[in-house]
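S.K.: Please work from the sequences and hints to get the whole structure.
There are 2 protein chains.
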Amino acid sequence: MLSVDEARSRILERLRPLGAEIVPLTEAWGRVAAAPLPARLDNPPADLSAMDGYAVRGHDTAAPGRLRLVGTAPAGHPFDGFVGPGECVRLYTGSVMPAGSDSVLIQENAARDGDEVTACESVAPGRHVRRRGQDFSVGDALVPAGRRLGARDVGIAAAGNHAWVAVHRRPRIAVLATGDELALPGEAIPRGGVVNSNTPMLSALIRAGGGVPVLLPPVPDDVSAIAGAVEGLDGIDMLLTLGGASVGDYDLVQQGLARRGLQLDFWKIAMRPGKPLMHGHVGADVPVLGLPGNPVSALVCALLFLLPALQRLSGEPEGDPERERAVLGSPLGANDARADHLRASLTRLPDGQLQATPFPRQDSGMLRRLADSEALVLRAPHAPAAARGEPVEILRLDRYGI
Amino acid sequence: MLSVDEARSRILERLRPLGAEIVPLTEAWGRVAAAPLPARLDNPPADLSAMDGYAVRGHDTAAPGRLRLVGTAPAGHPFDGFVGPGECVRLYTGSVMPAGSDSVLIQENAARDGDEVTACESVAPGRHVRRRGQDFSVGDALVPAGRRLGARDVGIAAAGNHAWVAVHRRPRIAVLATGDELALPGEAIPRGGVVNSNTPMLSALIRAGGGVPVLLPPVPDDVSAIAGAVEGLDGIDMLLTLGGASVGDYDLVQQGLARRGLQLDFWKIAMRPGKPLMHGHVGADVPVLGLPGNPVSALVCALLFLLPALQRLSGEPEGDPERERAVLGSPLGANDARADHLRASLTRLPDGQLQATPFPRQDSGMLRRLADSEALVLRAPHAPAAARGEPVEILRLDRYGI
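Read top to bottom, the protein sequences are chains C and E. For the first sequence, position 343 matches number 345 in the numbering used here, and the numbering has no gaps at all. For the second sequence, position 342 matches number 344 in the numbering used here, and the numbering has no gaps at all.
Among the clues, some could well be false.
Note that identical chains are pooled: a pair holds if it fits in a single copy or bridges any two copies.
[What the hints assert, rightly or not] Under the rule of at most 20 angstroms between Cα atoms (straight-line distance), these lysine to aspartate or glutamate pairs were calculated in the EDC-like manner:
#	residue 1	residue 2
1	270	182
2	277	118
3	277	267
4	270	338
5	277	44
6	270	320
These are calculated hints, taken from the structure and not from any lab test.
M.R.: Right, here's the structure in full:
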């Protein structure tokens, strides 16, 4: 059986970032830049005042004396004249520094009487001036390609005078749940039936990863129905199947997909929860990821494999899920040959460390427990027993959207 | 001047969570539950098999012997008969346990020959059975009111048989930038003009906080224009102004809003960057938050005051921004009377601790530096000098959407 890391590498290996589209800047938040955004201007665009006060020639303030006020330059209304020796111009935060001036006497340190201004301090040349281009200059890359744009990136793209941004298209992921026992949420549940919680849950996770879920109608455990459901996958960037991924009598997904030309890569990995995890390609080379039908297993596998795949397709630098460190809140026995992912609660210790305490019962049928978990404690295959207080690696679940 | 915490309390004090609307479950991700979601069924809905194998009476396997196969029960197709002594029923993961049986003999430990099954292990009663209601029972609260729904919450809401979710309405925040110098992104910039980066940046932050930005056209530094821009705020839950919040000659927002009945609460707080921060109410009691026009100051103030306000309006339990611990990567001098928020980079040290290193230059005109920052180092008023390696509190900026 494959290891978790090897399985992830094989899934990511053949995925390529989707192409670009342009969106207005106000729609760019949360999207991934498809190209670096260069500055189209210097910022500040000119030498600007950083304060409210008076534009002066610094040397004029070295000795006490009066300055003659020759103009006013509100922000957005530059003074067109020249500040000569012994002269000053009233200005405000963001005002363009008038020619001839080199520094700002702040208003708190100035006394004005009509057109005469007395400096109560000596101002060093350059004081309170924001130099042209001090933040960035024309041509500087403001946002790198592959960055998922946060509010600050949108702000700096605007400052660089961009109204449009080229972003990678959102990955469209078709979600296909299989099983005779599935009923849609809100509908009457027949005896022996269970609600299909996987389709809405995985669709939400696809959104959290920046993708667009396409909810295929669930299909029964029937090879023809499964084959029929995956006809016409045009425009779909990945097919996600839920349930039926192994090879038991009623695990028919592989057989159904085989009728659509399934090229199987692997279908088992050495992990818990979630051993049956299928990967391959169907139809016109659409990648397919087959997750276990058990919702806890499905979600854990999706965190480990689907989210990185979404990152790759979205154009983000591919990466393993971000691991953090914590100390164990309770002892753990030695692990077997399968990588384990223990649902756990988190506490912040007085010294600032995170403490992760795995729930005593790790039944993969407990969706409630998964929803309450704040982290997964990662246990490598054959990890030795670990005492309370020992360091462990965790994946945090208490993050936006998961 | 007010402290940061006092200012936040006064802003939050009069805000109330917005009312509810219903959305389909597939649109509920990222929304905030307006009421607890109770389970509408037991989960599992019946005693189910946790494995592929045979439903047996555990005692029958205590001694070696053969069992008679009397039926098959795939998931979704319960066996309607009774499992008597010496009998068994073929079943699969998720199958309903047939009457009379009490445990599952897994297929790996069974040898089948036609209608005869030999148990190769002794099965304790209850083994490999998921008990009805073991995950949750009818009436259990699956999702608390005030929870921003992640994928797992959507999953458990589905499992509890909900197709609709009552969520708080999204806060609609009007964004009004003021200043003669402002040009819209992408347009020609007149001499002395700068691009209005605040409106797109704050709009993106409003989205990150779950709100709906309403972008008012920027207005010049003119009292009538400002007063005119804030007519007709029907349906707006908060007005955010950008720039002109203090009382300089060209800081006219207060004067403009006064014409719309501004009830001013405060307009100065003891913090850096961002001393001018206005709070009050206009028109028919619409809360107004006036941020500084400097983009760095505006963003820092928005993190400290706007995001908590969005949480409050959205129905999330109000809270301070989440602080984490780090150790200083470089020494800091003593702080003055204003709370400081130093832009910093983060490194993970070999022992797992986060190290925060403030940038040497903290000019609030440097948007580039803000965009590159991974954290704000929080410095309390009058904080003493701190050496490299000392603990500090930080706000992380490298989170989804900021």
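S.K.: Are the hints correct? Go through all of them and say.
M.R.: Taking the hints in turn, this is what the structure says about them:
1. 270 / 182: neither (23 angstroms within a copy, 64 angstroms between copies)
2. 277 / 118: neither (83 angstroms within a copy, 29 angstroms between copies)
3. 277 / 267: within (15 angstroms within a copy, 60 angstroms between copies)
4. 270 / 338: within (16 angstroms within a copy, 61 angstroms between copies)
5. 277 / 44: neither (55 angstroms within a copy, 27 angstroms between copies)
6. 270 / 320: Cα proximity of residue 270 and residue 320: none, with 23 angstroms in one copy and 45 angstroms across.
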